[in-house]
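S.K.: Please put together the full structure from these sequences, using the hints given.
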Amino acid sequence: MGAGTIRQHRRRIAATFAGACAVLLALVQAAPAQAWGFYAHGVTGEIALANITPESRRAMNRLFAAEALLGTPDCALSTITEASVWPDCVRRDYWRWGYTAAWHYQTEPITEEYDARKNCGGGSCVSAQISRNHRILADESLPANVRLEALAFMVHFAGDIHMPLHSGDLGDRGGNDRTASYGIVPGMNLHWIWDGPLAERAITAARPALVRRYSAAERAELGTGGPADWGRESWQIARDFIYPRAFGCDPCEGDLPEETALTQEDIAASIPIAERRVTQAGLRIARLLDEAFAPGPLPEPERR
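Its first residue numbered -11, the sequence shown is counted upward by one per residue in this note's numbering.
I should point out that these hints are in silico values taken from the structure, not numbers from a laboratory.
Nothing here was measured: the structure is a model prediction, and the numbers come from that model.
Just so you know, not all the hints are guaranteed correct.
Stated by the list, open to error - Each pair of labels, with its calculated beta carbon distance range:
{"no.": "1", "residue 1": "Pro239", "residue 2": "Ala90", "range": "25 to 33 Å"}
{"no.": "2", "residue 1": "Leu130", "residue 2": "Ala193", "range": "40 to 48 Å"}
{"no.": "3", "residue 1": "Thr67", "residue 2": "Arg105", "range": "30 to 38 Å"}
{"no.": "4", "residue 1": "Gly86", "residue 2": "Ala38", "range": "21 to 29 Å"}
{"no.": "5", "residue 1": "Gly110", "residue 2": "Gly242", "range": "45 to 53 Å"}
{"no.": "6", "residue 1": "Phe229", "residue 2": "Asp127", "range": "37 to 45 Å"}
{"no.": "7", "residue 1": "Pro42", "residue 2": "Gly242", "range": "49 to 57 Å"}
{"no.": "8", "residue 1": "Phe235", "residue 2": "Arg46", "range": "44 to 52 Å"}
{"no.": "9", "residue 1": "Pro283", "residue 2": "Gly236", "range": "48 to 56 Å"}
{"no.": "10", "residue 1": "Gly236", "residue 2": "Thr67", "range": "25 to 33 Å"}
Glycine residues also receive a C-beta, built at the ideal position from the N, C-alpha and C atoms.
M.R.: The following block contains the structure:
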């Protein structure tokens, strides 16, 4: 092979590699549009479906029959997977649903003590809305479409509260204002990484698969607590792991750089945490559904 042919061959290889990297970058950067919204959220719903009682499944299917009454034809709500992403879908209709934006999170500074009542004026935060919609779902005196809307909010918010950066932050909107690289992929942010590619990698790499019927012992271990507990868990993960790992400071006080990078070692250490949070969310959603559909008195408000 002549020198000119070799140079041409090398240029073709370089162009192919650059093209592949561009495609990879585009795919990863597209993930936040979906993020927990269209993958991890869906998986939490599927875990829940695999672990609820047959009675809860039948009751839920009866509510799905009221989908048309919601008046959201662009946002389907006829399965639990669709329920898990419906609140993110309707948020695009700002004039009708914009008021729900603050219900998806409850970020609290990792340098202060956790307080489930803080940043939740008028119940406008994720932990309060899980409890509120749980009670609405359980109230059989309400119309089916009202209970169906509550089901979707409850399922989705129970997923949101398990993403650590929906609960803990450092004056940066849950890591949204911290530019970060994900391995070799630049131009993301810390929240984006935990919302999308990290959660997706944790789910796809899990062995056994996360969507399955869990044993009674597993459900007892992973399905415990209430919304305030779940928010505290997420805040603690942000405080003790995410920020120290990303910025090398423990505890993270003072000014942090606006940009960082997660190495492959950082990513590998993060995957078991992300996997556990998705699993906990799914099993806790299952428990909430079984409680809401069970006969008996309505759920009492959570003590905070």
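S.K.: Check the structure against each numbered hint from earlier and tell me which ones fail, lowest number first.
M.R.: 4, 5 and 10
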